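Colleague: Please build the complete structure, drawing on both the sequences and the hints.
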Amino acid sequence: MAKAELTQLDVEAIYPANLIEGDPSFTQVTQEVAGITEWPKPPRAWYIAFAIALTLLGILGACLTYLVVTGVGVWGNNQPVAWGWPIVNFVFWVGIGHAGTLISAVLFLFRQDWRTSINRFAEAMTIFAVACAGLFPAVHVGRIWFAYWLFPIPNQMSMWPNFRSPLLWDVFAVSTYATVSLLFWYMGMIPDLATIRDRANTKIRRMAYGVFSLGWSGSNRHWHRYERAYLLLAALATPLVLSVHSVVSFDFAVAQTPGWHTTIFPPYFVAGAVFSGFAMVVTLMVPARQFFGLKHIVTMRHLENMNKVILTTGMIVGYAYMTEFFMAWYSGNQYEAFAFVNRAFGPYAWAYWTMVSCNVLFPQLFWFRKLRRNLWVMYPIVLLVNVGMWFERFVITVTSLSRDFVPSSWQYFKPTAIDMLTFLGSFGLFATLFLLFVRFLPMIAVAEVKTVLPTAHAHGHKKEEGE
Amino acid sequence: MTHQNEIHGILAEYETVDGIMHAAEQVRDSGFRHWDCHTPFPVHGLDDAMDVKPTILPWIVLAGGITGLVAGMLMQWWMNAVDYPYVISGKPDWSIPANIPVAFETTVLFSAFAALFGMFILNKLPQWYNPLFRKERFSRATSDRFFVVIEAKDAQFDPKKTAEFLTSTGASAVELVDVPDEPTSPPFGFKAVAAIMTALVLLPPAMIAASRSSTTEETRFHLVPNMDFQQKFKAQTAPLGLENHPLFADGTATLKPIDGTIAQGDLGKSDPSNAAYSGLRDGKPVTEFPKGVVIDEAALENGREQYNIYCATCHGDSGKGDGMVARRAASIGQTWMVTNLLDERIVEQTPGKVFETITKGINTMPGYAAQMSAANRWDVILYLKALQKAQAAK
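So the protein lines, in turn, are chains A and C. Quick note on numbering: the numbering used here labels position 126 of the first sequence as 126, and the sequence is numbered without any gaps. Quick note, the numbering used here runs 467 ahead of the 1-based positions in the second sequence.
It should be emphasised that the hints constitute simulated quantities derived from the structure, not laboratory data. Small disclaimer: the values here were computed from a predicted structure and weren't measured. Where is the CB? At the ideal position from N, CA and C, for every residue including glycine. Some hints here could point you the wrong way.
As the list claims (entries may be wrong) - Facing chain A, from chain C, some residues (calculated, C-beta under 7 angstroms):
hint : residue
1    : MET488
2    : CYS504
3    : MET517
4    : ASP518
5    : ILE523
6    : ASN547
7    : LYS558
8    : PRO568
9    : VAL569
10   : ALA582
11   : MET586
12   : GLN594
13   : SER606
14   : ALA608
15   : THR609
16   : ASP611
Said to hold, decoys possible - Below, computed lysine-lysine pairings styled on DSS-like, alpha-carbon distance capped at 25 angstroms:
hint : chain 1 : residue 1 : chain 2 : residue 2
17   : C       : LYS820    : C       : LYS856
18   : A       : LYS203    : C       : LYS628
19   : A       : LYS414    : C       : LYS699
Claimed, not checked - So, partial list: chain A residues that the calculated Cβ filter (under 8 angstroms) puts toward chain C:
hint : residue
20   : SER158
21   : GLY210
22   : LEU214
23   : GLY215
24   : ARG221
25   : LEU240
26   : GLN364
Modeller: In structure tokens form, the structure reads like this:
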């Protein structure tokens with residue numbers, strides 16, 4: 001170390017590079033993002049993906065129709081595992097739906113400017129994931145035409161729901177979350193919809209985007225209240241997002257079943273949710289930035305930051321796995337101890353170790369900067385995280401139920417083909433909504449990205465200060 | 468000032484953030500009041516440059532949040548503790564800890580609505596018509612240009628001087644914005660689509676309301692028949708749709724007890740001369756409590772409990788024949804009469820006679836042998852006798 005020569009990496013570490021690469025002008029940002037919705041034709045990959053998505057959506061429709069006209073017996077759910085795949089899938093999707101609000105709200109409050117490139121995308125993903133999540137409990141009730149009993153709606157039986165049940169808290173938590181995420185997403189999109197409206201060259205486009213942009217004119221007096229509203233929504237969404245998966249975890253933790261009845265569940269579930277959500281954002285973001293030419297707006301730095309979050313939350317999850325074992329032993333309760341030994345070494349050991357390797361082992365590769373910035377490494381890892389997080393919910397739900405207190409009632413759970421096809425089909429719903437979103441709506445927050453460009457600041461430029 | 472009605476204001480365009488910032492400061496310092504800046508993104512510092520007052524939105528959101536909290540709490544209290552209380556796992560009807568999650572969610576929900584719709588209302592959105600939108604250049608206000616608009620209704624406004632003033636602030640273009648005589652109305656197709664959509668949205672609630680407030684003679688429509696008529700084994704009957712797969716030869720799912728089976732505690736039943744079970748001596752109702760029936764305070768107390776469970780619904784707590792069922796019968800005009808057990812005729816009945824009534828039933832009163840053990844029946848009679856004595860004393 002004779003001469004202190006700074007490498008490119010050091011420079012970047014000391015002076016964070018511009019969030020958006022290539023220093024585009026406002027005009028270019030508008031053109032590049034809003035312009036995507038004006039492409040006469042999306043890329044071929046979009047058509048292929050859309051065809052697959054619609055096929056899967058059709059499968060979902062067929063499975064649900066079959067379910068409704070036949071009854072929940074078409075699934076593998078039975079005593080003692082009455083909460084089979086539908087609940088596993090519900091928790092899986094709700095978890096994924098956490099990244100959006102976390103990125104939009106929590107990172108906003110922490111003034112993490114890099115979020116502007118990915119928040120819209122992640123919020124959309126959240127809403128579609130929550131839509132998939134909501135589907136499962138709704139069809140899981142069996143007679144779905146009575147699903148409205150879950151809500152406090154005056155009915156002919158003069159009955160009200162039981163507010164002392166975590167399952168009802170869940171109804172409120174998930175529906176509030178879905179509503180607030182939708183409001184947040186829509187509000188964030190209003191200025192961008194106005195941008196597309198103002199660029200529109202056909203009457204239909206002008207009307208369609210015009211209606212939803214509510215006549216936004218970029219007035220600074222409007223921006224003032226808009227930004228306040230945005231901040232307030234972020235402040236509201238932050239505790240909300242933490243509450244949602246906590247409440248989901250109460251569904252388990254309030255029950256006395258061994259392996260569920262632990263106080264670690266809320267934080268453990270929330271960390272897992274963030275973990276899986278970020279993995280899903282990366283999963284979708286990598287192809288999207290590739291096909292729509294957004295690599296300079298969603299840069300490697302964004303992906304890297306997300307991978308860091310994945311590494312962190314992955315380790316929180318791994319820590320929770322260890323704590324569960326410690327508590328099982330320390331509690332001195334034989335049922336609790338058995339539940340965990342059974343998890344790791346019982347008939348579902350294969351699922352448990354799949355979960356541990358996907359969620360805890362593989363993400364460790366992200367310790368290496370080279371690897372977490374390499375698309376060919378990160379993509380398999382995030383896919384494995386998606387798989388691992390599904391297995392986490394499977395392990396929690398199924399192992400505890402299949403072997404609880406009374407050995408005579410133990411049963412090995414087996415899903416049916418309908419279980420699997422329904423789950424596969426839910427990806428169809430998710431992907432269809434998502435592909436429509438990237439085709440017709442601004443997938444990056446145009447106005448917000450402009451605020452992090454150096455030229456967005458009066459009197460001097462960030463870049464000059466850095467140099 | 469003859470143009471006043473036709474002119475909306477003057478629009479000045481700037482190319483950079485610095486440009487609009489300086490211009491805004493100058494407009495502010497010149498004392499204009501009805502003016503605004505239009506920018507593609509929120510420009511930081513512009514609020515100060517324009518002297519925009521902090522919005523009251525946070526207070527609206529606070530009010531929304533408090534409303535949500537109170538509404539959430541009241542809803543749970545009223546629904547679970549007042550209107551429809553029921554015991555569930557021994558939890559109290561109304562307890563703050565169990566009601567926090569839902570109240571939290573309603574708080575957030577109401578606050579979020581207040582934030583979004585409060586912002587809309589304060590900003591007067593939606594405002595689909597705006598004279599500025601008629602200007603070609605203004606379409607860049609949502610993309611890459613910055614504008615100042617000074618409205619004609621401002622006291623200091625003068626078409627010529629204001630335009631000159633704006634040019635002097637470094638505007639790259641200055642333009643007069645006029646209001647057309649005929650305001651442009653949305654095209655017909657738009658209104659039609661909006662009307663149809665509204666109608667479609669209102670249709671389902673209207674249909675539900677209609678069916679709720681009417682009655683029908685038609686039989687119920689079975690959407691999914693095999694959910695309503697489930698193929699399942701029941702204890703005593705042949706399963707529906709499974710008649711050909713009986714678990715047992717007689718088509719039922721449980722075997723009947725073999726002849727001569729005696730339930731626990733019913734051993735005495737098999738002996739017809741045991742008056743404690745039959746209530747008979749030499750074929751006639753006994754006149755006194757038979758041997759083997761214990762008469763003590765515990766028996767009396769048990770009799771009270773059994774009476775309140777099995778008899779009070781019709782005969783009333785005091786035995787006067789004014790129980791819930793009897794009152795209901797009277798209120799819907801039924802002439803069904805429940806005997807007043809304090810009546811002289813009943814007071815004079817022997818324990819054996821009452822035992823017979825309870826065991827076998829009488830006229831429209833059903834027998835209770837299947838529900839009450841013989842011992843319980845005697846205890847009820849004991850209590851009934853006490854009741855009659857107590858009421859007679861009054």
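Colleague: Now look at each hint and say whether the structure bears it out.
Modeller: Here is what the structure says about each hint:
1. Satisfaction of the interface hint for MET488 of chain C is found here, the shortest Cβ-Cβ separation to chain A being roughly 4 angstroms, below the 7 angstroms cut-off.
2. Taking 7 angstroms as the C-beta contact cut-off toward chain A, the hint placing CYS504 of chain C at the interface holds, the least distance being around 4 angstroms.
3. Taking 7 angstroms as the C-beta contact cut-off toward chain A, the hint placing MET517 of chain C at the interface holds, the least distance being around 6 angstroms.
4. At about 11 angstroms, the closest approach between the beta carbon of ASP518 of chain C and any beta carbon in chain A exceeds 7 angstroms, and the interface hint on this residue is violated.
5. Taken as an interface hint, ILE523 of chain C does not check out: its beta carbon lies about 9 angstroms from the nearest beta carbon of chain A, beyond 7 angstroms.
6. Interface restraint check: ASN547 of chain C against chain A, minimum CB-CB distance 5 angstroms, threshold 7 angstroms, status holds.
7. Restraint check, LYS558 of chain C versus chain A: the minimum CB separation of about 5 angstroms is within 7 angstroms; hint holds.
8. With 7 angstroms as the threshold, the beta carbon of PRO568 of chain C comes within range of chain A, its nearest partner Cβ sitting at about 4 angstroms, so the hint holds.
9. Hint on VAL569 of chain C holds. Least Cβ distance to chain A is approximately 5 angstroms, under the 7 angstroms limit.
10. Residue-level restraint check for ALA582 of chain C holds (minimum Cβ-Cβ distance to chain A is 5 angstroms; threshold 7 angstroms).
11. With a least beta-carbon distance of about 4 angstroms to chain A, the hint placing MET586 of chain C at the interface is held under the 7 angstroms criterion.
12. For the restraint placing GLN594 of chain C at the interface with chain A, the shortest Cβ-Cβ distance is roughly 4 angstroms, inside the 7 angstroms limit, so the hint holds.
13. Interface restraint check for SER606 of chain C: the shortest CB-CB distance to chain A comes to about 4 angstroms, inside 7 angstroms, so the restraint holds.
14. Annotation: ALA608 of chain C was flagged as interfacial toward chain A, and the flag holds, the nearest CB pair being 5 angstroms apart, inside 7 angstroms.
15. Look at THR609 of chain C: its Cβ gets to within about 4 angstroms of chain A, closer than 7 angstroms, so that hint holds up.
16. Nearest Cβ of chain A to the Cβ of ASP611 of chain C: about 4 angstroms, under the 7 angstroms cut. The hint holds.
17. Between LYS820 of chain C and LYS856 of chain C the alpha-carbon distance is near 18 angstroms, which keeps this suggested pair within the 25 angstroms criterion.
18. For the given pair, LYS203 of chain A sits about 37 angstroms from LYS628 of chain C by alpha-carbon distance, which is inconsistent with the 25 angstroms threshold.
19. Of the pairs offered as hints, the one joining LYS414 of chain A and LYS699 of chain C holds, with about 22 angstroms between alpha carbons and a cut-off of 25 angstroms not exceeded.
20. For SER158 of chain A, the suggested interface contact is upheld, since its CB lies about 7 angstroms from the closest CB of chain C, less than 8 angstroms.
21. The closest approach between the C-beta of GLY210 of chain A and any C-beta of chain C is roughly 7 angstroms, which is under the 8 angstroms cut-off, so the hint is satisfied.
22. Below 8 angstroms, beta-carbon pairs count as interface contacts, and LEU214 of chain A has one with chain C at about 4 angstroms; its hint therefore holds.
23. With a least beta-carbon distance of about 4 angstroms to chain C, the hint placing GLY215 of chain A at the interface is held under the 8 angstroms criterion.
24. A distance limit of 8 angstroms between C-beta atoms decides the matter here; for ARG221 of chain A the minimum to chain C is near 6 angstroms, and the interface restraint holds.
25. Look at LEU240 of chain A: its Cβ gets to within about 5 angstroms of chain C, closer than 8 angstroms, so that hint holds up.
26. About 35 angstroms separates the beta-carbon of GLN364 of chain A from the nearest beta-carbon of chain C, more than 8 angstroms, and the hint is not met.
Violation of the numbered hints given earlier is confined to hints 4, 5, 18 and 26; the remaining hints are satisfied by the structure.
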